[in-house]
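**Q** Sequence:
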Amino acid sequence: MKGNRKTLFALAALAAVAALMLGIWYFTRPQPQAGAKTVVVEVVHSDSSSKEFTCHTDAQYLGEVLLAEGLAEGETGPYGLFITTVDGETAQDSLRQWWCITRGGERVDTGADTTPIADGDHFELTMSTY
9 MKGNRKTLFA LAALAAVAAL MLGIWYFTRP QPQAGAKTVV VEVVHSDSSS
59 KEFTCHTDAQ YLGEVLLAEG LAEGETGPYG LFITTVDGET AQDSLRQWWC
109 ITRGGERVDT GADTTPIADG DHFELTMSTY
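Position in the sequence shown (from 1) plus 8 gives the number in the numbering used here.
Take the hints with a grain of salt, since some may be wrong.
As the list claims (entries may be wrong) - Computed beta-carbon distance windows for the label pairs:
1) Q100 to A20: 21 to 31 Å
2) G113 to Q39: 13 to 23 Å
3) D55 to G85: 24 to 34 Å
4) L103 to V48: 39 to 49 Å
Unchecked claim - Capping the alpha-carbon separation at 20 Å, the derived lysine to any residue pairs in SDA-like fashion look like this:
5) K45 to K14
6) K59 to D95
7) K59 to S136
8) K59 to G128
9) K59 to E97
10) K59 to G113
11) K59 to E114
12) K45 to Y69
13) K45 to D121
14) K59 to R115
15) K45 to W106
16) K59 to T122
17) K45 to A126
18) K45 to Q105
19) K45 to C63
20) K45 to D66
21) K45 to H130
22) K59 to D129
23) K45 to E97
24) K59 to L75
25) K59 to T98
26) K45 to L19
27) K59 to R111
28) K59 to A44
29) K14 to K59
30) K45 to A99
31) K59 to T93
32) K59 to A99
33) K59 to P40
34) K45 to E72
35) K59 to A18
36) K45 to G112
37) K59 to G78
38) K45 to E60
39) K45 to D129
40) K45 to T62
By construction, these hints were calculated from the structure, which means they are not laboratory data. Model, not experiment: these values are computed from the prediction. Every residue gets a Cβ at the ideal spot worked out from N, C-alpha and C, and that includes glycine.
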């Protein structure tokens, strides 16, 4: 009987901690900016050449901009847009390539569909190898 109480108490404590962490994330997550904005998307290809695209948009998330501007293509999966092609260059699975998203040189911790944009943002899409 005491073992069951300890297990139930431990599960309740774990659930409370998980709920607290979810609440903290929800209230501190980046919020999208409404209205017109201009963002720059720099594409760094596998040969290290780069090209900048200036995008004027009312979109709130990076994925929307990339698709609307025809800069990126990909597959929609359980985690949103998985970018496979940017500016005509496709990541090759056999070479273990993928497109890394950064904002101002800092890696973003969200996918393209959940990365909010603000006026003046500068994003980089860099062909990377793992």
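**Q** Give a verdict on every hint.
**A** Tested hints:
no. : hint                    : verdict
1   : Q100 to A20: 21 to 31 Å : violated (48 Å)
2   : G113 to Q39: 13 to 23 Å : holds (22 Å)
3   : D55 to G85: 24 to 34 Å  : holds (28 Å)
4   : L103 to V48: 39 to 49 Å : violated (27 Å)
5   : K45 to K14              : violated (54 Å)
6   : K59 to D95              : holds (9 Å)
7   : K59 to S136             : holds (16 Å)
8   : K59 to G128             : holds (17 Å)
9   : K59 to E97              : holds (12 Å)
10  : K59 to G113             : holds (15 Å)
11  : K59 to E114             : holds (18 Å)
12  : K45 to Y69              : holds (11 Å)
13  : K45 to D121             : holds (17 Å)
14  : K59 to R115             : holds (19 Å)
15  : K45 to W106             : violated (28 Å)
16  : K59 to T122             : violated (24 Å)
17  : K45 to A126             : holds (7 Å)
18  : K45 to Q105             : violated (31 Å)
19  : K45 to C63              : holds (8 Å)
20  : K45 to D66              : holds (6 Å)
21  : K45 to H130             : holds (12 Å)
22  : K59 to D129             : holds (16 Å)
23  : K45 to E97              : violated (26 Å)
24  : K59 to L75              : holds (17 Å)
25  : K59 to T98              : holds (16 Å)
26  : K45 to L19              : violated (46 Å)
27  : K59 to R111             : holds (15 Å)
28  : K59 to A44              : violated (23 Å)
29  : K14 to K59              : violated (59 Å)
30  : K45 to A99              : violated (29 Å)
31  : K59 to T93              : holds (15 Å)
32  : K59 to A99              : holds (17 Å)
33  : K59 to P40              : violated (25 Å)
34  : K45 to E72              : holds (13 Å)
35  : K59 to A18              : violated (53 Å)
36  : K45 to G112             : holds (16 Å)
37  : K59 to G78              : holds (14 Å)
38  : K45 to E60              : holds (16 Å)
39  : K45 to D129             : holds (9 Å)
40  : K45 to T62              : holds (10 Å)
Violated hints for the displayed structure, listed by number in ascending order: 1, 4, 5, 15, 16, 18, 23, 26, 28, 29, 30, 33 and 35.
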